[in-house]
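Chemist: Sequence:
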Amino acid sequence: MAQSDPRLEAFFARKQPWQVELNALRAIMLECPVTEAYKWRAPCYTFQGRNIAILGGLKDFCVVSFLKGVLLSDPAGILVPPGQNSRSARFVKFTDISQIAALKGTLKEYVQEAIEAEKAGLKVEFPKDDLEYPQELIDKLGGYPDLKAAFHALTPGRQRGYILHFSQPVQSSTRSSRIEKSTSRILAGKGMHDR
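The C-terminal residue of the sequence shown carries number 831 in our numbering, and the numbering is unbroken.
Just so you know, the hints here were simulated from the structure itself, not pulled from any lab data.
All residues carry an ideal CB built from backbone N, CA and C; glycine is no exception.
Warning: the hint list may mix true and false statements.
Here are the computed distance ranges between Cβ atoms for each label pair [what the hints assert, rightly or not]: (1) GLN771 with PRO669: 48 to 56 Å; (2) ILE774 with GLN748: 44 to 52 Å; (3) LYS817 with ASN721: 15 to 23 Å; (4) VAL806 with GLN735: 24 to 32 Å; (5) THR810 with ARG686: 37 to 45 Å; (6) ALA737 with PRO781: 51 to 59 Å; (7) SER808 with LEU694: 31 to 39 Å; (8) THR810 with GLN748: 41 to 49 Å; (9) LYS817 with GLN684: 38 to 46 Å; (10) PRO805 with LYS759: 44 to 52 Å.
Given only the sequences and the hints, what does the whole structure look like? Please build it.
Modeler: Here it is in structure tokens:
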């Protein structure tokens with residue numbers, strides 16, 4: 637058996653909100669035919685190198701997040717998108733250990749369904765993104781060729797995240813400020829939430 641990543645052991649051992657619940661979710665995941673890895677500062681569960689699910693603790697709940705959850709049939713009706721602009725991921729929220737125990741079998745079925753989707757080569761089909769670049773971003777990219785190249789080198793999801801973030805404010809000055817604050821991250825090839 638391969639030795640566990642020390643970052644995983646540290647994640648599950650540290651005192652944190654939802655520590656008991658996260659350890660219970662880990663135990664369920666490890667009963668499934670997945671490999672545990674440490675990615676994006678969290679436990680990630682893969683099948684033949686393909687990402688299946690991530691565990692995480694948020695302020696008000698902990699989650700099992702299925703990265704291609706939109707492909708799952710969800711007969712129990714427990715999957716929800718993480719945010720209003722989420723297109724692929726779906727997660728299951730938990731606020732106590734009894735909820736996890738009650739859904740143990742269901743979670744294992746969902747993991748198996750996610751594995752079968754990967755085996756079948758299923759992909760999430762995204763409609764053509766109809767997001768419009770805010771004028772401030774168009775102007776910035778037009779005057780800064782290195783930034784333009786770096787922005788277009790980002791994954792489509794990272795580009796989408798920035799466009800949504802830049803487009804939200806009503807005032808042009810706020811949009812410009814957000815673009816300025818993000819320029820160094822874009823040049824470094826990072827998404828908004830990358831470390």
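Chemist: Tell me, which hint numbers fail for this structure?
Modeler: Checked against the structure, the hints that fail are numbers 4, 10, while the rest are satisfied.
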